Each structure stands twice: as structure tokens, then as C-alpha cells.
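Construct the entire structure; sequences and hints are all you get.
Each chain, letter by letter, is given below.
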Amino acid sequence: MKISIYRFNPDKDKKPYNKVYDVKRADSDTMLLDLLIKIKAMDDSLSMRMSCREGVCGSDAMNINGKNGLACVTKIDDLKKPIVIRPIPGLPVIRDLVVDMKQFFKHYDSIDPYLKNKKPPPKKERLQSPEDRKKLDGLYECIQCGACTTSCPSFWWKPDKFVGPAGLLQAYRFLVDSRDDANEERLEDLDDPDRLYRCHNIMNCADVCPKGLSPSKAIAGIKKMQMTTKKPKFKTLKKIFHVQESKK
Amino acid sequence: MVKNFEFDSIVVGGGGAGLRTSIQLAGAGQSVAVISKVFPTRSHTVAAQGGIAAALANVSDDKWLWHMYDTIKGSDYLGDQDAIEYMCKNAPEAIYELEHMGMPFDRNNDGRIYQRPFGGMTKNFGESSISRTCAVADRTGHAMLHTLYQKNIELKTQFFIEWIGLDLIRDEDGDVLGLIALELQTGDLGIFHAKNTIFATGGAGRIFQASTNAFINTGDGLGMAARANISLEDMEFWQFHPTGILGAGVLVTEGVRGEGGYLINSKNERFMERYAPSAKDLASRDVVSRSIAQEVLEGRGIGANKNGVYLTLSHLGEELINEKLPGIREISIKFANVDPVKDPVPVVPTVHYMMGGIPTTLNGQVRDGVKQKEVNGFYAVGECACVSVHGANRLGSNSLLDLIVFGKAAGQHILDSSKGKKLKKLPNDVTKKTIERLKKIDTKGSLEDPRELGEELRAVMQKHCGVFRTPELLNEGLGKVVDLKQRIRNISIKDNSKVFNTARSEALELQNLIEVALATMASAKNREESRGAHSRSDYPKRDDNSWLKHSLYSPKDGSLAYRPVKMQPLSVKSFPLKERVY
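In order, the protein sequences belong to chains A and B. Just so you know, we're using the numbering used here here: the first sequence kicks off at 1 and counts up by one. Just so you know, we're using the numbering used here here: the second sequence kicks off at 1001 and counts up by one.
These are computed hints drawn from the structure, not numbers from a lab. Everything numeric in this text was worked out from a predicted model, so none of it was measured. A couple of the hints might just be wrong.
Each computed EDC-like pair below joins lysine to aspartate or glutamate, with the alpha-carbon atoms no more than 20 Å apart [as the list claims (entries may be wrong)]:
1. B:Lys1433 with B:Glu1172
2. B:Lys1494 with A:Asp43
3. B:Lys1334 with A:Asp34
Spelled out as C-alpha cells, the structure:
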């Protein structure tokens, strides 16, 4: 079976290139990762990240036949041949399939991805109804693999400014958590033409998410909260308004 | 290039135990660095499914003393009763802390944390099964690890991500002064000079062929400790999880049986009724795994090679499966081509957890040698440590608990005991041995191939140190592993480039795996009894007169020493030895 893989080693290569490997598939090879491990045994210079091999750690996101996904849960049978593997796009390549995810995690950190609650916690657990807990389903399961954000054209356009689908999904996870009381502050931080409104509902994020989550839906949720929150500040709208004022 | 860093404390490993320790330290304003070979949320804690035990009594009356009894019985009386008391007593508070940090626990109708039954967890000292295991669907480890990482973001903990630990720094007095690590992205070495070094490096399940463990579980902490001549405790005890997916090895949580799923053989019999008439499918893991292996041996296995059994849960209904076991449905469809809503899942006992590890006190301080002297400046927490709370067999949902209870305890002990502590001077030529080892791996020539030797090692361990062990298998196996160790000294890689060289990190990992495998084989061969997960054909019974003691393997010469089990708890009466029946 032929697989074409993006190769680049900054120690040796002036330019990236694609290398075609011919690998013999055994009956026990079901997932793409099984084949990549075989290739690595033939050529130990191939670098990639991998760990849990069951789709929960988020290490092995890559671009597979033009679409982002996790190699460990992508079935070989489902792929058009020859298979073409590239690193996830939009982030600097460190080597081969390994990209530098600093920018991606910077956005994650920027939304304050932790519970904020000014009241001192009770002695036992904070209570939460099963209905309120259900609101976190489809959000907390994110594995930070980066497949969504790096398939988003808005992120490619403004990687330093747009929080991106993964970061915004987590922002929404805390916005809808009944235990979090920092909604105003969170919404104001996101009320920004680049941080939030750079999303134009292209929906690549939901299409590629290996966990079946929909960042797009979460982003729509944040936008709706921006409109309906009690003390709207609408920084974005004010900016536009300000421009019109100064024209007078 | 060598980079130099100084910290009050360094935590090696970014899984649940490491991140809980760093929260304690960073929260108190210590300068602390977490050094991890993968991005923290890629650590293997993320794969824990079923839950985390604590006697919260949210579903029915419960007491930490009952939890303590279950854990002691589960450990086949090898667990230290003081450590077990400490863990079970502190469990509820540890859970509430996680909840306050934002962990998205499932809830009961009254808004309290949801709890489910799990293997070996009982009410009133073995009377009947109890709901004690707190859960986030079947993604509890994921939810816990992400919550702990998020709390570290809030506390602004400093992270060194994709740095792999190579060697401990120990001076002439035997004190630990930090760590030498390799930065994957650049290939640079780092000397992390610290007052306290905390190992939270996780397990080593990759010494076996069929393992639920991630590729990263290569026992790096144990390898480093062994190279620094620190003894390893109870390494013969490896947990085989009853339900890894046949062929793929991927874990299917015990929570499936907790929610009402059960095992059947090729004759459609619920065979656990024969082996554990009372607890049935919720007997402890060593018992269930041996029962499955026995069914297979007697020809009642399923699948093309008749080497597994079925886990059936379709009777639970689609709604419950989607709500409480969604990850299992996803995994079964992907890895077993089976939708558990309709069909049973083929499973087989698969290596899952290392009960042994680096010996520590209740405060996480490493104890060394026959005299069990505390090593200054050195701590270990989580799966890489052996306190010992799990003894000869860990109960499901006690491992996540172990991480956070002892992670916090170690952090707190460092805060309490290191006031005014100064950095000791580093020894001369501190990187010499490490650099020699790295150079050897880079040497070109007709040396040994790490991948091939890794495969060989895993095959030997699988065959010679499995669910059922015989003297012949153990003797021959030990010889083979000793042999492999010699050959692994001579491994070399073809690719010598500096940037993100995973061939190099895999070779370094193999040098850790072999230390773990050797300790395992030697300890298993020496223990002439059957207890918990260690089952021998020639000594089929537990022998409390001769073997109620912990193994201490010395990496220096491969010898074994023993220390007595601590039967005296901290504040309650000792639980006396009893025959273990489920």
C-alpha cells in the first residue's frame, strides 16, 4: 500500500518534500496509525506525535487526504488510496508531522479556561442539577488535538488574533456552567471583532472534530449570549458607532 | 547545548499526580516547574474511564472505613493499612476539591455527585455492592486531567513541555538535587537544579505486548530511579484488566459491569457466578481476569482463536449506554466493529496497571534500600510510586484517588518541611554519564536495533509473566530479560539529527522499560506464593507465614530484600488477615 508523507527535517532539509512509502498491510492493521508505526520501523527518521492510540489524548492530529483527523481512529478502509499525509495546516512545522502548537494553546489560555466563582466553596460539592450538568455535554469532551482550529480559514487568516474554534468551545463550556459566575467578564473579553467575530460559520471545525463536537454551535451560543446578556457593552458595535461619530 | 534552570521544586510528569502536586506548590507561591515529555493533557490519566472512589454517601449510606476494608481486602492484604486509611479518609475532601476546581461530575437528581458501583467496592465490610465511584460518564480521567491542567493555568505554573527526563542528579550523600532532561524540539540538554524533585512519571505497561497503556507509559521514572540505585517495590504485581478489547487492547471500563453489564463465555454462560458467587462480575480485577483466563484454557473462549469472552451490555438499553457509557460505545464501534447497543463486545484480560513502584512514605518521600531510609529532596507520587495502597491488586477507581490524595500530600509535605532549605551544590561533571549514554545511542555501526529489541522484550514479558505464571516460564523469562539488558546497552539509532528526534526518545524509553522488566521478572521469580495479581502454578495459595511482606528489588545487583507489611492503621483497629472470597 502506498502512502505519501510530508517530510521536513530542519537539520538537513532546505525545503519540505513528500516521500512515498510502500508498506505491507497486515490483517491486524486497522487504523492509519498502525501503518504509520510500520513506516517508522522502516525509516526511524520519520517524526510524529502519538500516545493513547484510542482517540482520547489528542496527540496524533494530522491532515489525512486533505482533511484533519486523528491517525489512531481513522480506519485504513475508509481512506482513498494512495493516502496522502501532511501536518495539520496553519501552524509552523517543527519537523515532519510535528507542528508547533504554542499559538494554539496561547488562545486556549487566553479565555481563562478555569472555573471562576467569587463565593467561597461549600464544605461539600457545589450542587448542580442534572439538567445544568447536561449543558456541558458536547463541550467538556474536547481533547485539544487542534484538528478544528487548524482547519479553520478564519484562523489561517488571523492566527495571532482569532481565538479559534477549540478555544471558543472551551469559553462556552465555562459560560454555560451553572457554577461559574464570571459571564459578564468572559463575554466582555470576547466582544471583539477578531477574538470572536472572526468566525463566519464556515463549519470546517464541526466537520473534522474527531470527538463529534460542534465548536460552531458553541460559537453561535456565545454570540447569542452577547446579544442577550443583561449588561450589554457591545464593544464591537460601539467601535463602528465611534467611527461614524468621528465622521460627523 | 546545556541549559541551566533553578527551582524550589520540579515535578516530573504532567498527569494527574504531577498536576495535583504542582497545584499545591504553585498555589502556595513556590517556584515550581512541571517537566513533561508530552503536553500535560496527553498524559495517560486522560484515558481513565470509570471513575474515582470516595465514600461520599451520595447514593446510599457509606463510610470511609468500609472503603478502607475493601481496599485492604482487594490488595490481598499486601497494602499498608496506614497508607490505605490515609487515602480512604481523605478521599471525600479530595473529590470536593476537584469539584470546586470545576470538574464536571455527573449528578444525581438532588444535584450531588453521581456515584456508580465498581468491582470490590462494598457496603458494611463485604455485605453487598455499593455505589462509591464518582464519575463523569466514562471519561472521568479526561475530565479530571483537564480540570487539573486548567487549575494550573489559573495558578500560572511554569511548564517545560516535551522535555524528556534522562537522569536523576544525586550527590555523594545520596541526596537528590534535580534532573537532567532533553528538550525534544531542540535536542538541547537541561540541568534542572532543585530543592525538591517529585517524580510523577506514571506507569510502564508498555513492557507487555498486549496493554491498555499508551505508548508513553514506559516507566521513565523507574528507569531513572534504577540508574540512581534506588530500590523498586512489589514489581511482580501487575494488574490485568479483565476487559481490554480482544486484539486491539483498548480499555473497556469496569463501569460497564458497574452499570449492569456482564461477561459470558462461548456457551452463553454467566461464568462469573461460578467463580465469585456473591460479587459475580464485580469481583476484584485479579479474580475476574483469572476466571476469564480459566474459561479460555478450558476451551470456552470466543472469537476466531477462542481466546476471549464476551462483555454484554445491550440489555442496559440505548438511552443508558448513551448517557453513562458513550465513550465505550464509540470505542467498541471503532476498535471491535461492534455496536454494544446491539451486540456483545469481545474482550480479554490485558495489562493495565503497575501496583509496584518507587517506595515512598505517606508524604510521598522516597524510601530507599533495606533500611528504607528517606532520600533527601526526592518524592514520588501516582502510578510510579508504591506507598503502598494497592498491595497485590488495585481496586478499580482507586488509582485516580491515589493520584490526587498523595499528590496533594507530597506537595503539602514539601511546603511544610522545606522552609529555609537551601540549594545544595551540584556535583562536578553532573551530565557526564548521561552524555556518554546519549553518545552511545548515536554511534553508528552494526549495533542493536531498539525497535526489534523492544518487540522482543514485550513478547518475552507477555509469554513469561502473564496472568498464570509457572516456575519454568519465570526462570527462562528472567534469563531472557537479563540477556536483553546486555543487548539493550548496545542499541543505536540511524537518525542522529537533533530536532524532535523520536527515534532517540524511543531508544531512551527502551532503556527505562528494560529496568522495569528486569525488576518485574526477578521479583516474580522470587515470590513463592500466589497473592492478588501474582498467580503461580507451583504455589497456588497465599502464604501469609512466609510472604506477608513487600519485595524490594535492588537495581544495583538484582538482589531482593523484603520489608514487613504495615498492618497497623493510623487511628483505627487493624483489619486481620482473612481468606479472600468474593
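Going through the hints against the structure:
1. B:Lys1433 with B:Glu1172: holds (15 Å)
2. B:Lys1494 with A:Asp43: holds (9 Å)
3. B:Lys1334 with A:Asp34: It holds: about 14 Å lies between the C-alpha atoms, which stays within 20 Å.
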